[in-house]
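Which chain is which? The protein sequence lines are E and A, in order.
Using my numbering, the first residue of the first sequence is number 1, and each one after it goes up by one.
Using my numbering, the first residue of the second sequence is number 1, and each one after it goes up by one.
Quick caveat, the hints were computed from the structure, so don't treat them as lab data.
Every value quoted in this text rests on a predicted model; they were computed, and no experiment measured them.
Certain hints may be false.
What the hints assert, rightly or not - If you anchor each label on the Cβ, the simulated ranges turn out as follows:
#1 Asp-194/E to Thr-4/A: 44 to 54 Å
#2 Glu-156/E to Gly-223/A: 55 to 65 Å
#3 Leu-336/E to Ser-85/A: 52 to 62 Å
#4 Ser-139/A to Glu-47/E: 24 to 34 Å
#5 Glu-156/E to Thr-122/A: 30 to 40 Å
#6 Arg-253/A to Thr-82/E: 46 to 56 Å
#7 Arg-326/E to Leu-264/A: 49 to 59 Å
#8 Gly-223/E to Ser-177/A: 27 to 37 Å
#9 Pro-176/A to Asp-174/E: 52 to 62 Å
Note that CB positions come from ideal geometry on N, CA and C, so glycine has one too.
There are 2 protein chains.
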Amino acid sequence: MSMTSQIAIDVMGGDHGPEVTVRAAARFLSRHPSAALLLVGDQATIEQHLSAQSGVDRDRIEIVHADQVVAMDESPAIALRTKKSSSMRLAIDLVKDGRAQAAVSAGNTGALMATAKFVLKTLPGIERPAICTALPNESGHTHVLDLGANVDCDAEHLFQFAVMGSVLVEAFDDNPSPRVGLLNVGAEAIKGNDTVKSAAERLEAGPVNYIGFVEGDDIYKGGVDVVVCDGFVGNVALKSSEGVAKMISHFLRQEFKRGVFSRLAALMAMPVLARLKKRVDPGRYNGASLLGLQGIVIKSHGGANVDAFGNALDVALREIEKDVPRRIDQRLETLLQERPKA
Amino acid sequence: MSMTSQIAIDVMGGDHGPEVTVRAAARFLSRHPSAALLLVGDQATIEQHLSAQSGVDRDRIEIVHADQVVAMDESPAIALRTKKSSSMRLAIDLVKDGRAQAAVSAGNTGALMATAKFVLKTLPGIERPAICTALPNESGHTHVLDLGANVDCDAEHLFQFAVMGSVLVEAFDDNPSPRVGLLNVGAEAIKGNDTVKSAAERLEAGPVNYIGFVEGDDIYKGGVDVVVCDGFVGNVALKSSEGVAKMISHFLRQEFKRGVFSRLAALMAMPVLARLKKRVDPGRYNGASLLGLQGIVIKSHGGANVDAFGNALDVALREIEKDVPRRIDQRLETLLQERPKA
């Protein structure tokens, strides 16, 4: 078991807990014959959910009992101080101890970030970890960071995000030179604030394939591989995008119900709409990376279903296989040698 | 003519210039029998485009010749200094002189804002004007500001935007108590930055129906009437939303072309899709208000078509009828008397 990739799952995290995570775990093992899982949470509950699954390869599952759970709305500071035997904390401890190469949780984002940072520490040279995820674009996907870990960023932070995002995409997508853009505003008046302008200067001198400023719609067009922004802006962009997609889907359902002819058209259009849904399904892109840590931690959406949580597990496995944290660390080391310290 | 509502149109502004603006002007006059227009731009060009329109009520049109045009990519500072006889500048001058009650332009946003601020001045107590527009939501529309005029805002600016947005919606939608929300992030970690937190404190004490923090997706849900944010965040939210909508539309077209059955389904679904398109068409919401000025200035999208530019004209007319700037001014006066100066 020690030669395989091992992922620790915070089984109790998320809106649905073991109902989703254990089923996703079982399917993950079928998809990946050489991977193994550490299921962290209440032992009896996990056993119960496991026994409901047929054909689970129990040899590749180890249960790690945890008697605490971090609540979805718990303060990160309180979770960090009082929940030292939570499923979330123990999953990250397993990465720290080298028993797992990645931890995956659908739990409280703030607590996960705080705990991961406290237990695993950031890579040398990284001041703040960032949350990065892929979003669909017209021809593939775009990675965006930060998505909410850092609501106030200076130019150095944005620069570090750009480097981390670029290395992630190089490794993850086998893309030798990802196009990196800084998210900015399109108003002709005053192109961007001082932070963005200063980050642009650093990137122009720099170590990534920086293509300049991009705007919100560029995330979905396909001309840029890594979009860099502070966590406030990134979170709003992500949530606004989800909101529009939901509204369009809502309107589409309403319009297809308007009258007999529309209902008939809906029947005809069903396979088309199913394919569309699949292409824009946020679950397909579930699994955000907490970048900049000395270890791999993947955040699943709290409301993820079995397929979506499975995607987060796949992201974790791929980051293990591609050795993402070590590659970021190496790039940073080169950079730190080259750059005069700010 | 002096008793009617008069709108000055920057005929030369926008990607399409008089091709769109003059046609939209002619249709606007048919829709609104008591309104009158001042068409500002190259006289010969305007005459030529007008003569191509049939049934135009020339009695309600006055042409104001302008021999300069502000380019779409021109620096606002240079436009302000060197384009004193541009169609944009003269349209705003007409508002200043009381010959028009509103100016509408599809030109360069930055130049329009700089010129409007310079010529008309801000209302007493307002430090910075903001750009505000309506966006569709599941049950109606949501007004969002600022959308790009101010990329760095402090809590006082956000507070002022909230007041201005609330008064706009009170007047515009005959809504006695618009629900006002502050745009914030949903990451559980650290709810918002200091600016947003401090703005929230002021609004909780305050003069609008403040309902608390909202997230990006709330713009499109329908539970809030006015969403307040800085111009950087607002611009990114707007552009990201447009990007997602375009991508979904692109995927939908692709999927409906995949195979004979899908093409057939597309034919059947056409009326449904046309209705959907109409509901989410950004042109329906074209016409952003430059709020906080001593006068009404409406910014049309640069790429607006005739219908969309017509919507911007309708927004201008409604703001005239509802006396929006005076109502904002009155509210501010009350507030300034009540509040200790910061």
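Evaluated hints:
Checked against the given bound of 44 to 54 Å, the beta carbons of Asp-194/E and Thr-4/A, roughly 46 Å apart, stay inside it. A C-beta distance of roughly 38 Å is found between Glu-156/E and Gly-223/A, which places it outside the suggested range of 55 to 65 Å. Checked against the given bound of 52 to 62 Å, the beta carbons of Leu-336/E and Ser-85/A, roughly 56 Å apart, stay inside it. Between Ser-139/A and Glu-47/E the CB atoms are about 47 Å apart, so this pair departs from the stated range of 24 to 34 Å.
Between Glu-156/E and Thr-122/A the Cβ separation comes to about 35 Å, which falls inside the hinted range of 30 to 40 Å. The given range of 46 to 56 Å is respected by Arg-253/A and Thr-82/E, whose C-beta atoms sit roughly 53 Å from each other. Take Arg-326/E and Leu-264/A: their Cβ atoms lie about 53 Å apart, and the range 49 to 59 Å holds. A hinted range of 27 to 37 Å for the beta carbons of Gly-223/E and Ser-177/A is inconsistent with their spacing of about 44 Å.
At about 59 Å, the beta-carbon gap between Pro-176/A and Asp-174/E stays in the expected band of 52 to 62 Å.
Violated hints, in rising order: 2, 4, 8; the structure is consistent with all others.
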